[in-house]
Amino acid sequence: MAIKLTLSLSKVLADNFTKQQRIALAPLIRSPQIKNEFAQRCIDRIIERTNSGIDKRGDTFAGYSSAYKKSRRFAIYGKSSQVDLKLTGAMQASIGLLSTDNTSVTIGIDGGLEEDKARGHIKGANYLPVRDFWGLPEEDQAAILKDVVSIQNAEESLSVLQDLLGVVAASAILAGGADTNTSELSNADLAILSELEDQ
Amino acid sequence: MAEKTLADIGKFLDDVQRSVFGKETMQVVGEQIADIVKKRVKSGYGVNSDTADKPSQRKLAPLSESYKKARKRLGVTGSFASPVISNLTNTGQLLDSFSVKAKQGEVTVSIPNTQRKDGLTNREVADYVREKRPFFALTSPEVKIVEQIIRDKIRTSFKKNL
Numbered sequence: 001m002a003i004k005l006t007l008s009l010s011k012v013l014a015d016n017f018t019k020q021q022r023i024a025l026a027p028l029i030r031s032p033q034i035k036n037e038f039a040q041r042c043i044d045r046i047i048e049r050t051n052s053g054i055d056k057r058g059d060t061f062a063g064y065s066s067a068y069k070k071s072r073r074f075a076i077y078g079k080s081s082q083v084d085l086k087l088t089g090a091m092q093a094s095i096g097l098l099s100t101d102n103t104s105v106t107i108g109i110d111g112g113l114e115e116d117k118a119r120g121h122i123k124g125a126n127y128l129p130v131r132d133f134w135g136l137p138e139e140d141q142a143a144i145l146k147d148v149v150s151i152q153n154a155e156e157s158l159s160v161l162q163d164l165l166g167v168v169a170a171s172a173i174l175a176g177g178a179d180t181n182t183s184e185l186s187n188a189d190l191a192i193l194s195e196l197e198d199q
Numbered sequence: 001m002a003e004k005t006l007a008d009i010g011k012f013l014d015d016v017q018r019s020v021f022g023k024e025t026m027q028v029v030g031e032q033i034a035d036i037v038k039k040r041v042k043s044g045y046g047v048n049s050d051t052a053d054k055p056s057q058r059k060l061a062p063l064s065e066s067y068k069k070a071r072k073r074l075g076v077t078g079s080f081a082s083p084v085i086s087n088l089t090n091t092g093q094l095l096d097s098f099s100v101k102a103k104q105g106e107v108t109v110s111i112p113n114t115q116r117k118d119g120l121t122n123r124e125v126a127d128y129v130r131e132k133r134p135f136f137a138l139t140s141p142e143v144k145i146v147e148q149i150i151r152d153k154i155r156t157s158f159k160k161n162l
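Read top to bottom, the protein sequences are chains A and B.
Residues in the first sequence are numbered consecutively from 1, following our numbering.
Residues in the second sequence are numbered consecutively from 1, following our numbering.
Honestly, the hints are just simulated from the structure, not real lab data.
Do not rely on the hints blindly, as some may be mistaken.
Claimed, not checked - Far from chain A, by Cβ distances over 12 Å, these chain B residues were calculated: (1) Y45; (2) S49; (3) A70; (4) E106; (5) K117; (6) T121; (7) R123; (8) Q148.
Claimed, not checked - Derived pair list, reagent style EDC-like, types lysine to aspartate or glutamate, alpha-carbon separation capped at 16 Å: (9) B:K101 <-> B:E24; (10) B:K159 <-> A:D44; (11) A:K56 <-> A:D84; (12) B:K153 <-> B:D14; (13) A:K79 <-> B:D14; (14) B:K159 <-> A:E37; (15) A:K56 <-> A:D147; (16) B:K159 <-> A:D147; (17) B:K153 <-> A:D44; (18) B:K153 <-> A:D84; (19) B:K153 <-> B:E24; (20) A:K4 <-> A:D84.
Here the structure is a predicted model, which is why all the values come from computation and not from measurement.
For every residue, glycine included, the Cβ atom is placed at its ideal position computed from N, Cα and C.
So here's chain A without its partners, still in its complex pose (with noise of 0.2 Å):
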C-alpha cells in the first residue's frame, strides 16, 4: 500500500487566512493548476527539510551508524556526515502526487523499493531508527498556499484571464458576433472576477 500525505487546501485556507482572503481565494483553491502547484512546492519543502537533516517535527536526524559511514557506497555517492536519507537520490524524486480531491491533494510514494525505503525511515526498520521525513507542519502549507495563490497572483491572474476574456471576444467577434451562451467564462467566474477586483 502506498506511502500517503493527504494536505487539504481548505483547511489551510480557513485556519490561516483572513476572511477577506478566504472569499477571494476560495474558488482558486479548486483549479487543477493551484493544487498541483501546491502538492509540488510540498514535496520539494519536504525534499528540501530532508536534505537539511531535519525530520517533520523540526527535530534532528540520527546519525548515520559509523559501519554505514565506513561503507564503499558510502564512498562512491560521495556522502558526508551530514544525514539526508539521499544515497541514490530515487526515493526523494519518487514523491510524486498520487491524487487531487476538491480541494485537497494527496502525495505519496506509490509501491517498489523506494516506497519500503522511505517507511524503513519512517517507521525504522531492523538498524535503521526512525528518521520520520514524512510530514510538512500547518504553517508551512500555509506559507506555500500564501505564496501560491497570493492576491498579487490574483491579480495578475485576473489580468491574463481579462486579456484572455478580450481574446475570446474578439475571436467570437472574428467568427461572426459575439454569442454570450459559447462564451468559456460562466456567470461563476464573473463572480469570482469581481471579488478579486474588489481586493
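We have chain A already, so just place chain B on it with the hints.
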C-alpha cells in the same frame, strides 16, 4: 497592476526554454546521467536488460573464482575496484570513458570507441561485458531522478525569469 501581453508571455516561455533546454544545461544533465550509471555500477549494480523499455536494477553477476584469483595476482587499479567485487572496474577505463554530447533540447550519453591501454576500445569492452552484465541504461527510478533534475531547472528558470 503590471499588464502582460501574449507577446510577453511568449518571450517568457522562450527564455525558460532556452535556459532549461539550452546546450549548456543539457550538458550538465547528461553528465548527471553518466554519474548515475557510473555510481550504480561502482556499487555493484547493473540492469536486467539494457534494451528493455523499463529496465530494473539488478546486482551484477559475480566474478568467477578463477578471475578473482587472477585479479588478486595482477592487482586492480580503478577507484573502488576490488579483486573480488563485480563492479565492472578493473582499471576504471570503461566507466571513465562515458561521453556526453549535448545540443539544444537533446543530450546523448555514450561509450565511445576510444583506445584503451590493453589495445581494445572501450566500446569493444562494453559490448563484451554487457552480455552477462548489462549496465548501460536508466531504470525507472533513475529516470525519475533525471525528471526531477529537469523539473528543478525549469522551476529555477521560472523564478529567475518571472
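Quiz item: When you look at the beta carbon of Q148 of chain B, is every beta carbon of chain A farther off than 12 Å?
Solution: violated (4 Å)
Quiz item: Holds or violated: K56 of chain A with D147 of chain A, Cα cutoff 16 Å?
Solution: violated (21 Å)
Quiz item: Is the Cβ of T121 of chain B farther than 12 Å from every Cβ of chain A?
Solution: holds (26 Å)
Practice problem: Compare the distance between the alpha carbons of K56 of chain A and D84 of chain A with 16 Å, and conclude whether the hinted pair is satisfied. | Solution: Answer holds: K56 of chain A to D84 of chain A is near 13 Å, not above 16 Å.
Quiz item: Between K4 of chain A and D84 of chain A, does the CA-CA distance stay at or below 16 Å?
Solution: Distance ~20 Å between K4 of chain A and D84 of chain A Cα, so the pair is violated.
Self-check item: Proposed proximity, E37 of chain A with K159 of chain B (alpha carbon, max 16 Å)
Solution: Holds, at about 13 Å.
Quiz item: Going straight from one Cα to the other, do K153 of chain B and D14 of chain B come out at no more than 16 Å?
Solution: holds (15 Å)
Quiz item: Is the hinted pair K159 of chain B and D44 of chain A satisfied, with a Cα-Cα distance of at most 16 Å?
Solution: holds (14 Å)
Quiz item: Regarding the pair K159 of chain B and D147 of chain A, is the alpha-carbon distance no greater than 16 Å?
Solution: The given pair, whose Cα atoms are some 12 Å apart, holds under the 16 Å limit.
Self-check item: Verdict on K117 of chain B as a residue remote from chain A, using beta-carbon distances over 12 Å
Solution: holds (23 Å)
Quiz item: Is the straight-line distance between the alpha-carbon of K153 of chain B and that of D44 of chain A 16 Å or less?
Solution: holds (13 Å)
Self-check item: chain A versus A70 of chain B - minimum CB to CB distance exceeding 12 Å, so not interface
Solution: Fine: 22 Å to the nearest Cβ keeps A70 of chain B off the interface.
Violated hints, in rising order: 1, 8, 13, 15, 18 and 20; the structure is consistent with all others.
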